[in-house]
Amino acid sequence: MRRDSVLGGMIFNGRISCGKEKHVKELVIGARTENLDQVIAFVDENLEEADCSMKAQMQIDVAVEEIFVNIAQYAYTPAEGEAVIRLDTEKNPGAVTITFIDSGVPFNPLAVAEPDVTLSAKDRKVGGLGIFMVKRSMDDVSYEYADNKNILTIKKNI
Amino acid sequence: MLKIEQKANGSELTFALEGRLDTTTAPQLENELRKSLSGVESLIFEFEALEYISSAGLRVLLSSQKQMNKQGEMVIRNVRPEIMEIFDVTGFSDILTIE
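Listed in order, the protein sequences are those of chains A and B. Numbered according to this note's numbering, the first sequence spans residues 1 to 158. Numbered according to this note's numbering, the second sequence spans residues 159 to 257.
The shape of chain A in the complex, shown without the other chains:
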């Protein structure tokens, strides 16, 4: 399934030892919505190893989808580029930290105005809902722009 091309994915497996046990895995993949399934498969595989609950896994999958699709649709348009997805799992206490890195146009999704989720169906718009769900369901979300890269990090205690 995974190819070593720009549009496929490359995976790095590592283990960093610094007091408590920590696993770091990395996927480098073409920032295209067609690659979403591959990204979710990469994340789920690692969450299953970390004994993540169904509820937390769904929340993390949703967050990953919203962020990856956003990069795929806007970061490099109309050109193409890569996204780096780094996943750290910790035990005792259990936590998952996922970092998304792209070299596209600078964009801070956390600065986007939050949607009004109390409006009626007639007045509701779905824009901005994705990142809103990320902020609500994760324990920590942070953004920085460094070395010409967008770096968005989410953390979920599991």
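No wet-lab data here; the hints were simulated from the structure. All values derive from a computational prediction rather than experimental measurement. C-beta: ideal position from N, C-alpha, C; glycine also. One or more hints might be untrue.
Capping the alpha-carbon separation at 20 Å, the derived lysine to any residue pairs in SDA-like fashion look like this [claimed, not checked]:
1. 122(A) x 209(B)
2. 55(A) x 240(B)
3. 228(B) x 217(B)
Facing chain A, according to a computed beta carbon distance under 10 Å, are these residues of chain B, among others [claimed, not checked]:
4. 207
5. 210
6. 227
7. 236
8. 240
Over 10 Å on every C-beta distance to chain A, these chain B residues come out as not near it, computed from the model [what the hints assert, rightly or not]:
9. 205
10. 229
11. 257
Fit chain B to the supplied structure of chain A, relying on the hints for placement.
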């Protein structure tokens, strides 16, 4: 990754969804709804086997709800707790009819 089963009964139409309603599969549901909604007064979504929904899926549900508000009613049945959580967080539990 998304299986859609349609059942029509007069002006009542049921969509049973199985799998994942995400960025990849939402357009598929959107297309089927576009083809089928004409003349429907009661639209029922059966979510018993739906495992996952993202904002792309919510977008399709919202546009169907808007459409059905003009021509009848829309109901979502047997929503799993993980999906209900997403409806709650996004305020969708207030605008959708969930049984």
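Here's how the hints hold up against the structure:
no.: 1; hint: 122(A) x 209(B); verdict: 27 Å, violated
no.: 2; hint: 55(A) x 240(B); verdict: 6 Å, holds
no.: 3; hint: 228(B) x 217(B); verdict: 17 Å, holds
no.: 4; hint: 207; verdict: 15 Å, violated
no.: 5; hint: 210; verdict: 6 Å, holds
no.: 6; hint: 227; verdict: 6 Å, holds
no.: 7; hint: 236; verdict: 17 Å, violated
no.: 8; hint: 240; verdict: 4 Å, holds
no.: 9; hint: 205; verdict: 14 Å, holds
no.: 10; hint: 229; verdict: 14 Å, holds
no.: 11; hint: 257; verdict: 17 Å, holds
When the structure is compared with the earlier hints, violations turn up for hints 1, 4 and 7 and for no others.
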